[in-house]
Amino acid sequence: MTTSPASTDTSLDHLPPSARRTFLGHPVGLFVLFFTEMWERMSYYGMRALLVLYMTNYLFVDDARSRSTLGFTAIRDTIVSVFGNQNVQQLSSQVYGLYTGLVYLTPFFGGLLADRVLGQRKSVYLGGTLMMIGHFLMAIESLFFVALFFLILGNGAFKPNISTQVGRLYGEGDPRRDGAFTIFYMGINLGAFFAPLLCGTLGQSWGWHWGFGSAGVGMAVGLVVYFFGQRFLVPETAPGAGDPNADAAARAPMTSEERLAVMALVVLCALNIVFWGVYEQQGNTMQLWADERTDFHVFGWLMPSTWYQSFNPLMIFLFAPLLNIVWAWQDRSPKKLGGQPSSVVKMAIGCLLLGAGYVVMIAAARVVPGGERGALSWLLGATFIATMGELYLSPIGLSLVTKVAPKRYVSMLMGMWFLSSFIGNYMSGFLGTFYSTMSGEMFFAMLSGLAVATAIVMYAINQPLQRWLGAAAG
Numbered sequence: 001m002t003t004s005p006a007s008t009d010t011s012l013d014h015l016p017p018s019a020r021r022t023f024l025g026h027p028v029g030l031f032v033l034f035f036t037e038m039w040e041r042m043s044y045y046g047m048r049a050l051l052v053l054y055m056t057n058y059l060f061v062d063d064a065r066s067r068s069t070l071g072f073t074a075i076r077d078t079i080v081s082v083f084g085n086q087n088v089q090q091l092s093s094q095v096y097g098l099y100t101g102l103v104y105l106t107p108f109f110g111g112l113l114a115d116r117v118l119g120q121r122k123s124v125y126l127g128g129t130l131m132m133i134g135h136f137l138m139a140i141e142s143l144f145f146v147a148l149f150f151l152i153l154g155n156g157a158f159k160p161n162i163s164t165q166v167g168r169l170y171g172e173g174d175p176r177r178d179g180a181f182t183i184f185y186m187g188i189n190l191g192a193f194f195a196p197l198l199c200g201t202l203g204q205s206w207g208w209h210w211g212f213g214s215a216g217v218g219m220a221v222g223l224v225v226y227f228f229g230q231r232f233l234v235p236e237t238a239p240g241a242g243d244p245n246a247d248a249a250a251r252a253p254m255t256s257e258e259r260l261a262v263m264a265l266v267v268l269c270a271l272n273i274v275f276w277g278v279y280e281q282q283g284n285t286m287q288l289w290a291d292e293r294t295d296f297h298v299f300g301w302l303m304p305s306t307w308y309q310s311f312n313p314l315m316i317f318l319f320a321p322l323l324n325i326v327w328a329w330q331d332r333s334p335k336k337l338g339g340q341p342s343s344v345v346k347m348a349i350g351c352l353l354l355g356a357g358y359v360v361m362i363a364a365a366r367v368v369p370g371g372e373r374g375a376l377s378w379l380l381g382a383t384f385i386a387t388m389g390e391l392y393l394s395p396i397g398l399s400l401v402t403k404v405a406p407k408r409y410v411s412m413l414m415g416m417w418f419l420s421s422f423i424g425n426y427m428s429g430f431l432g433t434f435y436s437t438m439s440g441e442m443f444f445a446m447l448s449g450l451a452v453a454t455a456i457v458m459y460a461i462n463q464p465l466q467r468w469l470g471a472a473a474g
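Each step along the sequence shown adds one to the number in my numbering, with nothing skipped, and position 67 is 67.
Computed beta-carbon distance windows for the label pairs:
id : residue 1 : residue 2 : range
1  : 116       : 299       : 55 to 61 Å
2  : 253       : 88        : 47 to 53 Å
3  : 369       : 61        : 23 to 29 Å
4  : 109       : 63        : 34 to 40 Å
Don't read these hints as lab results, they were simulated from the structure.
All C-beta atoms, glycine included, are put in the ideal place defined by N, C-alpha and C.
Build the full structure now, drawing on both the sequences and the hints.
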């Protein structure tokens, strides 16, 4: 680790002395944000691992229990009025989609809140505190929807403002930026890996409320890490205060180049919707497949089915560094080999791989008879391929926003990126309602077709998007 503030590395010149320490070639602040996000994601994915099973196996199957849940009747009647009668699985899928969607809607407003009122650090503290309260409220059955409301609001304040602080650690044109977001993404998935092992095991073996409560503890730890590590981050000027020239720049209209870059981000956000609508089945219908159609006996021991959701983050943690090495090698390779793909092409590859992952599940649906349990290898194979697709799309999208968004709108546009995930995650709930009405082969074929079609569109419009995004897109 480099501890001297008088570093000769010009890529650190924009950082204050306290933030110029490096570790593994990156500012130490990256690893502060890494561990903060790791604990926050541990809490989020721990709760998510239990959510669909909690509704389908406990909360919604007992009429008296569900009716005593504050807001249940109003939410159920609203869903039924739009989509018709819903069985327990369909209703649970709709609630899952609404929840996971809304946690990606509120970041748009959380970005505005940070840009205009609170600043990024205060927004992170506010969001983390609200989420911690929400997780603890999940332990009270009657406050299930109230808890979800706290979690939705908290994620909105937290999510865009932790991600944009990663980008602020790197100067313009710094080639380490994509690698930094991939490392940051590893932190997300390290937390997601431990979440089902801890929260899922407690929830399925000791009681649902133990699992939800442990998620709240994880969020509290994340806030402590952020508090003690903030000196390694880039200081921020309170919104509305500071340099008058900077304030004037913030009010300046966008240039034509900036407008084109924002338009390109809007197009990519629209395509991002389909990716997440398909991908997020891992916490919804794929978890049901794991619970109902997969044999989890390992050497005579029955593994909790929620552990399935640890496979994806474990694979990300293992393979993200390898992809970084591949992309770095492509950068150094002779020009005739083409170099590493552009950001848009990487995202298209991600969609193509996601579609290929569901081809494995089409085969599983053909081989595993209804009512029986198939080998765990089907889930592992499909999840591995989909995970590689996620690595080609999600961290690259986060990096792209921080590279090409006008500086004065970066939090808002990061919120817009998460806004596309809102629609995609709600779409995952809607698509999941077909799980109990279609054959397994048709259901997974539908998901695969959507992902592949999105990849084709991305490839087709790569060249014009690259022109709009400009040289910064890479």
